[in-house]
Structures are given as structure tokens and as C-alpha cells.
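S.K.: Working from the sequences, and respecting the hints, build out all of it.
So the sequences go chain by chain: L, H, A, U, D and W.
Take the first sequence: its position 246, counted from the start at 1, is 1501 in my numbering, and no numbers get skipped.
Take the second sequence: its position 288, counted from the start at 1, is 1543 in my numbering, and no numbers get skipped.
Take the third sequence: its position 171, counted from the start at 1, is 1426 in my numbering, and no numbers get skipped.
Take the fourth sequence: its position 265, counted from the start at 1, is 1520 in my numbering, and no numbers get skipped.
Take the fifth sequence: its position 239, counted from the start at 1, is 1494 in my numbering, and no numbers get skipped.
Take the sixth sequence: its position 290, counted from the start at 1, is 1545 in my numbering, and no numbers get skipped.
It is worth saying that the hints were derived from the structure and are not from the lab.
In this text, all values refer to a predicted model and were calculated from it rather than measured experimentally.
A portion of the hints provided could be inaccurate.
[Unchecked claim] Simulated DEER-style distance windows between Cβ atoms:
#, chain 1, residue 1, chain 2, residue 2, range
1, W, R1292, A, G1371, 33 to 39 Å
2, A, R1538, L, V1502, 19 to 25 Å
3, U, H1310, W, S1410, 19 to 25 Å
4, W, A1327, L, D1520, 51 to 57 Å
5, W, R1409, A, S1294, 51 to 57 Å
6, U, R1288, H, H1363, 41 to 47 Å
7, L, D1368, U, H1310, 41 to 47 Å
8, L, H1550, A, R1538, 28 to 34 Å
9, W, K1378, U, E1301, 37 to 43 Å
10, W, A1327, D, D1551, 55 to 61 Å
11, U, P1326, L, D1375, 25 to 31 Å
12, U, R1362, A, Q1364, 57 to 63 Å
13, U, P1326, D, Q1364, 25 to 31 Å
[Unchecked claim] Lysine-lysine pairs mimicking BS3-like chemistry, simulated, CA-CA at most 27 Å apart:
#, chain 1, residue 1, chain 2, residue 2
14, L, K1274, A, K1378
15, L, K1378, H, K1274
16, L, K1274, W, K1274
17, D, K1274, U, K1378
18, H, K1274, D, K1510
19, A, K1510, A, K1498
20, W, K1274, D, K1378
Every residue, glycine too, gets a C-beta built ideally from N, C-alpha and C.
Residues per chain, in single letters:
Protein chains: 6
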Amino acid sequence: MSVVALRPAEYRAPVFDLKQVVTELAGVRQRWRESQRRSTEPGGRELPSREALAHIIDSLRGVLFPMRLGPADLRQESEDFYVGHTLDSVLHALLVQVRLELQYAVRHQPYQDALGIDTDAVKLVHDFSRELPSIRGLLDADVLAAFEGDPAARSVDEVLLCYPGILAMIHHRLAHHLYVLGVPLLARIVAELAHGQTGIDIHPGASIGAGLFIDHGTGVVIGETAIIGQRVRIYQAVTLGAKSFPVDESGKPLKGQPRHPIVEDEVVIYAGATVLGRVTIGRRASIGGNVWVTHDVAAGAHITQARSQHDAVGG
Amino acid sequence: MSVVALRPAEYRAPVFDLKQVVTELAGVRQRWRESQRRSTEPGGRELPSREALAHIIDSLRGVLFPMRLGPADLRQESEDFYVGHTLDSVLHALLVQVRLELQYAVRHQPYQDALGIDTDAVKLVHDFSRELPSIRGLLDADVLAAFEGDPAARSVDEVLLCYPGILAMIHHRLAHHLYVLGVPLLARIVAELAHGQTGIDIHPGASIGAGLFIDHGTGVVIGETAIIGQRVRIYQAVTLGAKSFPVDESGKPLKGQPRHPIVEDEVVIYAGATVLGRVTIGRRASIGGNVWVTHDVAAGAHITQARSQHDAVGG
Amino acid sequence: MSVVALRPAEYRAPVFDLKQVVTELAGVRQRWRESQRRSTEPGGRELPSREALAHIIDSLRGVLFPMRLGPADLRQESEDFYVGHTLDSVLHALLVQVRLELQYAVRHQPYQDALGIDTDAVKLVHDFSRELPSIRGLLDADVLAAFEGDPAARSVDEVLLCYPGILAMIHHRLAHHLYVLGVPLLARIVAELAHGQTGIDIHPGASIGAGLFIDHGTGVVIGETAIIGQRVRIYQAVTLGAKSFPVDESGKPLKGQPRHPIVEDEVVIYAGATVLGRVTIGRRASIGGNVWVTHDVAAGAHITQARSQHDAVGG
Amino acid sequence: MSVVALRPAEYRAPVFDLKQVVTELAGVRQRWRESQRRSTEPGGRELPSREALAHIIDSLRGVLFPMRLGPADLRQESEDFYVGHTLDSVLHALLVQVRLELQYAVRHQPYQDALGIDTDAVKLVHDFSRELPSIRGLLDADVLAAFEGDPAARSVDEVLLCYPGILAMIHHRLAHHLYVLGVPLLARIVAELAHGQTGIDIHPGASIGAGLFIDHGTGVVIGETAIIGQRVRIYQAVTLGAKSFPVDESGKPLKGQPRHPIVEDEVVIYAGATVLGRVTIGRRASIGGNVWVTHDVAAGAHITQARSQHDAVGG
Amino acid sequence: MSVVALRPAEYRAPVFDLKQVVTELAGVRQRWRESQRRSTEPGGRELPSREALAHIIDSLRGVLFPMRLGPADLRQESEDFYVGHTLDSVLHALLVQVRLELQYAVRHQPYQDALGIDTDAVKLVHDFSRELPSIRGLLDADVLAAFEGDPAARSVDEVLLCYPGILAMIHHRLAHHLYVLGVPLLARIVAELAHGQTGIDIHPGASIGAGLFIDHGTGVVIGETAIIGQRVRIYQAVTLGAKSFPVDESGKPLKGQPRHPIVEDEVVIYAGATVLGRVTIGRRASIGGNVWVTHDVAAGAHITQARSQHDAVGG
Amino acid sequence: MSVVALRPAEYRAPVFDLKQVVTELAGVRQRWRESQRRSTEPGGRELPSREALAHIIDSLRGVLFPMRLGPADLRQESEDFYVGHTLDSVLHALLVQVRLELQYAVRHQPYQDALGIDTDAVKLVHDFSRELPSIRGLLDADVLAAFEGDPAARSVDEVLLCYPGILAMIHHRLAHHLYVLGVPLLARIVAELAHGQTGIDIHPGASIGAGLFIDHGTGVVIGETAIIGQRVRIYQAVTLGAKSFPVDESGKPLKGQPRHPIVEDEVVIYAGATVLGRVTIGRRASIGGNVWVTHDVAAGAHITQARSQHDAVGG
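M.R.: Okay, structure coming up:
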């Protein structure tokens, strides 16, 4: 940090081979674009923005729970002004991202029906907005489920403010709706934002009933075609995964096939348990910690490992 | 992005049903408040702020380790000025959050002793501040334990700067003190901030001796009533959990009962092991990777799975 | 929040024992420095900065993938300007951090060859920059591997934008290069930045071939001396760890010994599997979910748990 | 910037006499407080904040002119949500500043009626808010006056966006209202914020009718007790000042005496003119450039300098 | 700040008449829109953004003078990368603002030729960009003129970094080009940004030759149709204004008529001088401090006030 | 903003001649560097940073007046911590800027004594810091002078917070000290920061005694070699300038010659007055508004314009 002597005549400022590296990087980009048959014509970014979606979700959290996740200086008597203003702003920001995904989806078509994309995007965002009240209702049920299911929980507000499982469900319920409406890439980005913050990886395609409580959550994986009923409880490191992939004639995995479990109402799955394939866990069944399940489980059954009869793992 | 034609007369700017959605969201909030018997009177936010606490903890990390986690331009000869100024600012910021939690705790009482809350909050923050030097001492022991326990560690400074287990312990030791002093919601927020960054979920109620080393850490869960001795070592995905919850007459979980393990001095618990219930792992015992424990383990014992005798898992 | 009465004469503003706490904190710092034989002379920060490296890696992500991870308003026809300008800025920022680590490494020597450190740092950053094109090439292979390996993936761009396994590999391939060039502390910070965001903990020392696909990823641990071939697939919670540490005469772990697995080309390791020690998993072998391996596995072999023959776990 | 040689043993990091300077600065502060009979007891800041007021005024500009000075992404159909939310936030922020000034005003009194201050502050902010619609009406008249008075103006929107005279009037009309309501320090800060940006110095005490147009504006000074009618036009560097101050027995200036001009409706005062003392410029009179006036001017009169008959100065 | 007593039952949080004020503000907006025949249909902002232009000009200053007004960490060997990247970004940002003004200009027409506006905007920005090198050349002449004209100037770099006259000329030369290309509102905003910072008010329509030196500058006003030659020197508070406005039949000022002075090469105008109307100040003439000129001045003449023969005012 | 039709095949994204403009800008930079004999070798920025100095001055304002211009949450009992920490940080930031100017001053010398520059810079900053207490003392006198001189001033705190004359004097007293210590470029930047905010242009070379009150201030110009005594009062638009420049044999202005007025103690100079050349305004003299002075004025004399006997201009 300190210069303590004569700077000699032969001293040279550090210089890097910028032009060489820039050229080589352009070359490797060019090879990628050719191999992926991408356009190399002038033009701007085609892809939605992770940062924009992070901001959108953050605002929607405030819209859904204004006095608890909204701005610190909000007052109850003026909630509606805040909700209306924020919603207006956030829906138009979402519209931009929806347009980007819809355009991206048809990027290989020679003519693009810009008017059609525009109309579709507006309708999609409109439909999304109309679902927000029912999403809030589902999330209220999730909060109550966590409060009732965790002896360490002191209040519903602590649950909403602190529990990573709730943060994951806020993201999931918004992401799932985007997925259903036809913007799976936006949905996936929203899901991964929660995965990064909580370690809970729920594919936006998963269908989840009211009152899901995910405790601790780190390492939970829920696959794309999983179906979960009401009032289900899941602990950390539980996997609801696929057993093997159906493949097409050329050996490539078939996309979109049902391949993850169906979990019926009021099931409890303890930490580290693994449930694989399109199996059904019947209503009120429980799956013990670290148990490995690849077949259907009857309603009301309690599955545990031989070594640890009667034990169940809660944090 | 480009406008390429006449804008026709029938063109309409996108308009969403803002008023309808705002009204419906107000309705669902109203139903929640009624069901939770919340006030619907005018007034501001009642809950502590996650962002404020994140800022407070960040400043306290600088106060505790000024030359390593403080500002980049700090110099050793002026550390005390920095520590004093930051501490002053951070204690008053904490005071605001403590007041919010204390007021929240009595929110259902018709009259609130504002003077009493004020006095309690000042005393609480004062007591918290007096404990900081001993917290720094405990954390120094944690850093040394990590340095000595990991063959990949090159220096104590690398440990402090990089290891998620240390970040989790800084948060825990501050959070635990807040928990003991009577602000469990603040404590929980502080703990979840670390959980989100490290995947290490330590309930602030857990009591932990000097020199805990958590390696890798992702998926570690330590429950509210766990007690951990000195110089303990824990690897990733270890659970110190509850076996089952004592319930009250109405079947609701009894809150605050001892239900998590006691881990004595110098125990080592390898990756993926699960210890459940109020059991005691005796001094210098070791628990092998993925092992499942629901009974006491004698001091000095080495528990492994049948399939993997003599193996232990370190990263 | 509201002052609603006379402020009585005896009212006192809250005052904390700032000077006392500052003095005690100085005392505990002093004890640490003495016990660690640290300098207590005047002077500035000696350690690299986590924030600076986070910014550097963020910029390098844009340099490597300008149209997808660079600024939202970038256009293809002017990529090279952006790449060149950002690279220039980021290499000089890296130079500052490299100097800090090289100086830190010789901090106990009475005379420091400032000219030598300067020359070494410039050469190191120069060498690092020349490797960027080949790092981009490796990452393109990783992206393709994820796209082909996951039935839920819809496009290579979704993979690059969303998949935590790709984020972890971008960090790892940059960190590994820093590790090889001789700045292991910087490398470790870069690795932990990814660990914090993804739950994937890859030591920068690990050597990894082209086309690694880590799915879901939370809880994956890959040790310092692990060697991974080409086109390998790894699921969440897989550990490639050490069995036991070789120790020196005084019982301290020997640092830098090969102690983690070798995983050959096209191996698949399913969720929760644990592979320990310097064992070799042969080409095209597969390791089933939750399996525990401490011995070599032959090429092409399929290892599963007795309880779950023929099953493999994918998310 | 570059270290190019051995750092010699005698090298010392730069150290400044921090403690000495800190102590001397404390001494000079102490002397000031004693000479001004200020409290030296513990306690926080007593004074309103310039930054807070800058933010408040900026928000009020958006409240008054939402589609032109509000956020870029606002839409006409949701203006009211924005206006309501911003107003709620800004009035509570203003309440904090008003309380600070009211408390400051009674800082020398032994007991402070906190409840009374609180009630007064709420009433003051309430009254302020009720005046906003009529302030907007006055400002609309100012904008029209500028548009009609300047041959270079192309639209009323250009005037609102660009003209420093309009910015000064927005500040003045808000500041004057604060002044009338009893918080002259806040008013003065608001006025100086405009002075700093425009070079137009209007004391918040000045009373100004609808439709004032100040062209160019730099150097304009309008004193505390000036009274200006409707549709007046003023050019750069005009002073409406005091001739001499009435003094009290001890020779100190008497505060609050009428000592600045009265300017009646539709007067025009050209650049650089100086009008001093409690004189009246009659309706429709005009004062030529650089003219010096210390006596009443009759309605309809045109005052010019001998050297420049019939000339008037416009920019 | 401190709550020191029981909060009594009758306490009420402060509530303002938000809905009333919002409604009244909507009413006054409605009246304005009707009187100005503005659209009250749904839709977004129609006007360019002052903040966007401030950012654009700031970037262009870096593009024009990269090593002196560009980023602090720029290096000479990589200037072109910075210039190219910044220019690309800034031209597209300018394109957005140009479109807004061109659309605004035709806002009253029933059909808008969106394709035509788009084409015009692209061409305009293209032409603007091609002029940047010659603008830099003119500004180099301005810098040299200031250095040579001010005995207090120590280097050309001090002039570029510090002199408000240079800042005003950078803004003016960019603004004038926008004015000539047909976006006078953008041009005016750029000019007012400089006016706010320097007190120098140059209308973007003014035509100014190379090497203008404005010393001190506060209070200088240069009108829309002024024409200034090469190497002219102007001191603070000089006005080049209009004497009177030509009016049309209805008495409204005719817009766009030549009404400001012509100042030929190498003229010097000292502080406070006022030159009014379409007069010509001949080559190498000088106008003394505070002098008032409304007629032509011959080349080489020296005009002073009687009271102050032979004196000239420099700062 | 809206895409409403098919995007036709012939559509092209807007593309500008980036490479052409970049090349031409490089050409004009090259010509400038050659004409100014500047280095075209690789290397970083040589000049101090306006932004860095703005930040430094802002921090020094807090150091000098902690409870009034420091952070809003500061408390009196912990002022010294704040002052010490901020001072430490700001002096090292200033050291960086001082080094840049000292290196710049010798940039044309073939060998640069880096050790010497370093030593000089440290000494200069040290000397600067030791003067801060006396600067605070002078500013306290300025504040009192303004409070006593302005009938509109309500408190000394209003003066410190609001009066542009005080802001200008804070900058000037710091800038003057930098000027005296040998870094005139830094000094000039500090002065221009105040000029931009207040319209008051005081050259840092000017020597000013305690208790100067500049009222309103816009347009005031005080030249480099001016000398002002104690308790002087100056109104807006006053110039203390040079009459003509002494030139050297080649006709270039001689730099550094005394050429501005000497103003003795307790002089008052009213608005718009102009004093030119090395004249002396004797103790307690007053100069009337708009008066033009180019000769000495005797102590106690009152100079006014013929047309306006006995009048003086105050705001």
C-alpha cells in the first residue's frame, strides 16, 4: 500500500492481454451460438431477468402481507393505497418479463405475431392478479399449520417472519400459478430464488394443497409432477423424487410425464425420508425418518425403519 | 421492444382490475384479522424488522472482529473509535427492535405500561452489551477449534472469513443471548438469517459450550432444548432433534419441554447422523456417519452402522 | 412511538456503558493477538475482502456469459466493448486482492520483497485471465450436461439462469484456477460464496472434468483432493469425503494428503450417497441413493442398497 | 500506486494524532456549548434533518404532480393509489420533523409538555395536508404564467419539468405554509433547498399571489415580509430587500418588522432591478433592468434608467 | 423519542384525512386536464425524464473525457473498451428519451405513425453520436481558452475538473446538438441541469463558436437566438438578452424570432454587463463591467461606464 | 411502448456506428495528448477525484459539528467515538487524494521520488488535521456573526443548518488550509463544490478573518489574493475582483500577483457592489449597493451611489 522508494525508469504499469482474451472469448461464444443455432445478429437481451423477478416477488410479498412484510412505516388505515400502488407497479413490471418469455418461446419462428404476444401477456398478468386473494388464503392456512405443528413457535407472526418453510411456500404458490398460466421459465426463476435462500427445492410444477408445513426445510426436494394434499407435514431433507425416467426411442428422457409421488391429506413425512416414483402415500399415513419408499403406502399406515421402530424425527 | 406500425384507433393500454383485486385482498386480510382476533384500528407496524436485525448483526460482527469483519479501511490504531461509535449506534438500533418485541408481547392487554417497557428494554440492551466481550471469547475458541479440526484449513483468518460454521456460531451466540434475556422473536430472526446463508439451523434456545466446530454444515439441525458441551465437532446434515412431543390434554404440543439431546464435551458426530430425544451422548463418544441414535451413548463409546464399521465421515 | 405525557424531571436518556464494553473488547482482542502472536502495531487490514470478491465474481459471470448474465441493456453487436471494459476493471480489482493474499502469506517474515510480490501478483492475474476462454468452454459443457440430464429442463438458457448446480460450477471453475495459481484463500472465499447461495460445498482444490451435472444440489460436499472425470452426474446430498485423516507425529492432521475419492467418466451418484476415502469409482458405474461406499467400485457396476434394488433417486 | 522495492525495517505506516485532535475538538465544542448555554447531558439529536426534508419535498412534488414529477412507471388509472400511499408516508415523515422543531422551540423550558407537543404536531401536519389541493391550484397558475410569459416556452409540461422558477415556487408554496403554521425552521430548510438548486432565494415568510413567473431566476432575492400580488413577472437578479433594519434600544435588529416591498398585481420587474424597503409598486407598473427603487411607484408607471429609456430586459 | 408513561385508553394514533385530500387532489388534476384538454384515459407517462437525462449526460462526459471524467479505475490502454461500451449503453438510453419527446410532439394527432417515430428517433440518435468527436474538439478549445484566460488556472486539467464554465459548455454543446436535431425539450432539460449546478443559464438554441471562456459564471444568461463567435470571454452575471418581444395580432409573443445579440470573435464582456436585442458586438470589442448596451458596438471598440473609465472586471 | 403488429421480416434492430465513433474519439484524444505533450503509455488515472473530495468534505462537516451535521442517530455522550472513527477514515481518504496531486505536480519529471512524495503527503495531512480545532473556532465566529447580522435568523442552529454563506465558509476554511499546505487543485475542487451549491465563488487562496457573514450569497465572487479582516459583512452579488492582469513579456498573465482588494475589519459591502484591484477598504467602512469601487476607501467612510444616497441593500 505504501510507495517507499524511487520508481525506477524500467518500471511498467501492469498490463494484461485484454485484446487477446476478448477475442478468444468472442470465439468461444461464436462456437456456442453456432452449435446451438443461435442468432448472431444485432439485438438485445432475450431472456427474463432474475433481478427483476426478485424485485417483483419482494413487492408481491408486501402486497399479500402489507403490515408484516410491507414497508416498515405502513399504517393499517392506509393499507389499500399501498396495496393498489404497489400492485399496479408490480403487474406492469411482471408484464415486461412475461413478454420476454413469450417472445423467447417463439424465437425460432420467422415471423413473430407481436400483437398476439402482447395480448397474451396482458391476459396472463391479468389472470395472475385475480388469483392473488386466493393465494393469500392458502398462505394463511400454511402459516396456521406451521404454528400448530411446531412446539417452538410462539405466534403466527413469528412463523410468517422467520420460517423458511413459509418463505418457500410464498414463492411456490406464486411460481406455481405462473407455471400453470404458461410461463415456466419465470416460474422456475421464482422457485430457485427461494431454493437459494432456504435450501428448499420445490419445482413450480408441483401441486400443493392448503396447510403444508415444511419444518427446518434444508435439503427438501419436491419434483415437478408431485401432488400434495391438505395439511401435510414435511421435515428437512425429505425427497419426493422420480425413480427412473421414461425415455423416448432415442434414449432421451421424455419431458412432462407423471413421475413423482402423490401425497394425500394429513400425511407426515419425517426428516431424511425418500419417496420415489408415481406412488401414493395414503391419507394420514406417516413415513419415518430416513425411510426409503418406492411403493404405495396405505392410508393411516406408519412406515419406519426396522432399526428405529416407533421413532419419528422432528427438529 | 420496437414499435413498427401505426398504433390503431382501437388500441388500448393494458389495464388491470386493480380496484377489484385490492378490495378482495382487503377482504381476506379482514377475515384473517377476525379469525386471529387482531386489531383493525389505525396504527403502525407492530413487529420487529428482519432488515433492521440483519443490519444490527452485521455491525456487531464488525464490533466483535473489527480488523477482519469491520470496514476495509480500518486501522489497528483506531479500532476503539470504530468499536465505540458502531456499538453506540447499534445498541440504540437494537433498543428500537427490543421495544417492538416487548410491546408486541403485551399487545392484547388493554393498558400498556409504556414506562415499564421502556425501562425493561433499556436494561435488556444494557445487559446484552455487557456480554459481548465474553461472546468474543467463546467465538475465538470456536475459530481455533475449526482451525485445528480441519486439515484443509490454512489459517485462523481463513476460518473466520470463510467457514459457514463460524458465521452460524456468531449468529447463534448473539441470538442465544437475546433468547435468554427475553426477546425470543428477535433471537429467532437472527438465527434464521444464519440458516438462510449457511443451511445450518440452530434454534436460539440451544445451549452450546466453547469450541464447537461445525464442518460444511448444510442440513445441520439443532433443536431448542439441546445442550452441547465444550470442544464438540459436528459434520453436515447432523440432526439433534426431538423424538416425539409431549402433548397437553387437548392434544396440542406442550411448548418449552426438554426434548432434545445432551451432548457432552469433546463428542464427535459425523455427517448425516441423527440423534433424537432427551438422550445423553457421553464425553468423548463418537457417532458415525448416517447413524440413528435414540438412546443414551456411554462416554468414550464409538457408534457406527453395521455396514460401515470403523468408518467416520469428514468432508 | 408516541409521546403522550409530561416528560418528568427525573427522566434520563438511555445510556449504555460504552467505554467499559469498548475497553473489555480491546482486552479480549489483545489476548487473542498475543496468543496468536499477531502484530499489535499500527496498520491497515491485511486480509482479502469477501465483498470485493463477490463483486469480482459477479463481473466475471458477465464477462463469461455477456448476453445472459451481463447487463440487461447489452446488445450482441457491442459485446466485445462490454467484455473488454469489464475485464479490465475486474482484473485490476482482482490484482488488489491477490496482492493482499500474497502479502498475508509472508506476513511473519521480517523483510518483505514488495517488488517480488508485485511481480508475482501481476503474473498470477495475467495467467488467470488467459484461462477464461477455456473455463467458458468447460461451463458450456456443464450447461449442456444439465440440459440433457434433467427431464424438467426446457432450454439451455433456463439451465444457465436457474440451476444452482451451474452457479456452483461457475464459482468452482474460477476458484479452482485461483487455487492452482497459488491463492487458496481467495479460492476458498469464492467457493463459500457459492456454498452460501446453493448449499453445494465444493472445495476449490477438487479437480473436475467437463460436463458435471449437479441436480438440486443442496447438501453436496466435494472434498479438497477429489478428482472427478467427464460427464459425471451427482444428485443432492452426495458426499465425496475423507474416511480418516493421516496424522503427523504430534497427532495433528497432515494437510494436503490425497484423501478423497476419484470418480471416473460418466459415473452417476444418486441422492444422499456417501463415498469416503481415496477410493475409485470406475467409468460408467452408478451409486444408488443413500448408499455408503468406502471401497473401490468397478467400472460399469451398479451399487444399490439391499432394501431398494434397482432404484435410483432423481429429483 | 505500485510498490516496487523492499519495505525497509524502519518503515512505519502513517499515523495521525487522532487522540489529540479528538480531544481538542471536544474542547472547542465544550466552549461553544458553554457560551451558548447548551446542554452537555447525554441525549440525541435535537434538530430537524435537511436530508429528511429533501426527501419529503421530493415526495410531495410527486403527490402534487403525479404523472409529471412522480415515478416514471406510474399510470393515470392508478394515480390515486400512488397519491394516497405516498401522502400517508410523507405526512408521517413530516410529523417526525415537526415534532423535532416544536421540541427544539421549548428546549430551554424545565418541563416539556410532551403530550401537548404531540397534539400540536399532529394538528399542524393535518392542517398542512388539507392545504395541498389549493397549493396545487396556485402552482397550476404559476405554470400557465410562465408558459404565457416566455416566448421560448413550447408547452406547459416543458415549463413544469425544466423551469427553475417553477421549482422555486413549488418549494416556496410548501415552505410558506409551514412558516404560517408555526415551523419556521422547517420552512427555511425547504426554501434553502430550492435556493441551492436554482439560485432563487425566497424567504418562506414572503406572501405571494397566484401566477408568479420568475424567469432565469439566478440571483433573485425576496425578503421575509415581502407581499406580492397576482400575475407578477420577475427576471433574474431582482432584489426585493430591506433598506435598513429597525433596531431595538440595545442596537440589535428588531425581528419580524415589515421591511420589504409590496408588489401589486401584474407588475413586471426586469433583470437586476433592486427594490428596497416597505414601498409599494402599484398595479401594472413596470421597473426597468438594473433600476434602483426606494420609494413608492404609482400604478401603471414605467420606471427606467435615464441611460436606457424604453428598454426592458428579458432573457 | 421516549415513551415514559402509561398509554391511556383514550390514546389514538395520529390519523390524517387521507381520502379527503386524495379526492381533492384528483379534482384539481381533473380541472387542469380539462382546461388543458389533456387525455384522461388510462396510460403511462408521456414525458422524458430529468433523471434519465442526468444519467445520460454524466455518461457522455465520461465518453468524451474518459481518463479525466470517466471511472476512477480506468486505464489508458483500455479506454476504447470503456468508450464503446458506455456509448452503446448511453445511445440506447437516449433513444428511449428521444422517442418519448417525438411521441409527445404528436400527442394530439388521432393516429400516430409509430414506425415513422421509431425510424426518426434512430436516425436522430445516430446523427447525434456522429457529432461527438467534433464536440470533443470544440470543448478542448474551450478548456484551452479558460486556461489561457485565467491567471489563477494552474493546468488544463484543473480547468476541466473544476471550472463551472466548462461544465456549462459540456452541457451546452450536447444540448445545442439535440436542439438542432429536433428534440428541444430534451435539450432544455440538459441545459437546466447545468444551470442548476453552475448558475449559468444558456438556452440550448444559442449558437456558440469554439473557445468560449465563461469565468465564475453565476448569473450569466444567454438567450435562445444569441450567436457567439470564436474565442469570446464572458464574466459572471452577463446577460445576452432580448429587448422586447415581437407580438402577433392577438398580443402573444411570436416564438422563434431572432431577438438576442450577435457577439463576434474575440469579444470580451466583463461582469454584470447587459447586452439586449438583436445587436452586433464587433470583433475584438470589449464591454466593461455593469455596462448596458442596446445598440451595435463597432469592432475593436471598448465600451465602459463613465464613472469607471479604463476599468474592467475580472474575478 | 406497445408492440401492436407483426414484426416484418425486413425489421432491423437499431444499430449505431459504434466502432466509427469510438475510433474518431480516440483520434481526437490522441491529438489533444500530442498537443499537450501528454503520455500515451499504459497507466491509470492521474487526477484527484471530485466525488472522493465531496465525500471527504461531507465527513469533515460531521467531524466539525457532530450533533448538528453528523449522523441523525448520534448522541452527545458518544461524540468522541464518532469523531475519532470518522476522522481516521477521512484522513486516510484525504491522504490518497493528496498523493495524487503531489504525483501529478511532478508528472513531467523522468524519475519520481515516491518515498519523498509519500512522506510529504503524510506530513501534509497530519498538519491539516491539527488545524481542524481552530477551523471549528473560526466557523463558530462565522455562525455568531450571521445570527447577529440577520434580523430573520431565529437561532444559531438555523444559521448552521440553512445558511448558504455558512456552507461556503465551511468549504472555504478547509479549502484555504489545503491551499496553504500546497495542494491547490484539491483546494479548488473543494471551493467549487460550495460554488455549485451556493452560487458563492470564493477562491481558496483568499485570506478571511473570523466572523465573515455572507447573506443570500448568490453571485458573490472573491478573488485569489483578496484579504478580508474580522467581522466583515457581505451581501449577494458582491465582487472582490481584479482590475487588470499584470502580464509578462510575452503578454501572458503573470500568475500569483496580488491583484484583489484588502477589506479591513467590520466593513460592510452591500448587494451588487464591485470592488476591483489591490485597493484597501478601511476599517468599519461601508460600500453601498451596486457601487463600483476601484480606489482605496478610508476607514469609517460610507460610499453610496449618487442616485441612492443613504440607502443600503440587505435581503
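S.K.: Please go over all the hints and tell whether each is borne out by the structure.
M.R.: Against the structure, the hints:
1. W/R1292 with A/G1371: 33 to 39 Å: Since the Cβ atoms of W/R1292 and A/G1371 sit about 34 Å apart, the hinted range of 33 to 39 Å holds.
2. A/R1538 with L/V1502: 19 to 25 Å: 21 Å, holds
3. U/H1310 with W/S1410: 19 to 25 Å: 23 Å, holds
4. W/A1327 with L/D1520: 51 to 57 Å: At roughly 53 Å between Cβ atoms, L/D1520 and W/A1327 fall inside 51 to 57 Å, so the hint holds.
5. W/R1409 with A/S1294: 51 to 57 Å: 54 Å Cβ-Cβ, so the 51 to 57 Å window holds.
6. U/R1288 with H/H1363: 41 to 47 Å: 46 Å, holds
7. L/D1368 with U/H1310: 41 to 47 Å: 45 Å, holds
8. L/H1550 with A/R1538: 28 to 34 Å: 32 Å, holds
9. W/K1378 with U/E1301: 37 to 43 Å: The hinted range 37 to 43 Å holds for W/K1378 and U/E1301, with Cβ atoms some 39 Å apart.
10. W/A1327 with D/D1551: 55 to 61 Å: 59 Å, holds
11. U/P1326 with L/D1375: 25 to 31 Å: The hint (25 to 31 Å, Cβ to Cβ) holds, given that U/P1326 and L/D1375 are roughly 27 Å apart.
12. U/R1362 with A/Q1364: 57 to 63 Å: 59 Å, holds
13. U/P1326 with D/Q1364: 25 to 31 Å: 27 Å Cβ-Cβ, so the 25 to 31 Å window holds.
14. L/K1274 with A/K1378: 17 Å, holds
15. L/K1378 with H/K1274: Roughly 17 Å between the alpha carbons, so the hint for L/K1378 and H/K1274 holds.
16. L/K1274 with W/K1274: Within the cut-off at roughly 15 Å; holds.
17. D/K1274 with U/K1378: 17 Å, holds
18. H/K1274 with D/K1510: 45 Å, violated
19. A/K1510 with A/K1498: The hint holds at about 14 Å.
20. W/K1274 with D/K1378: 17 Å, holds
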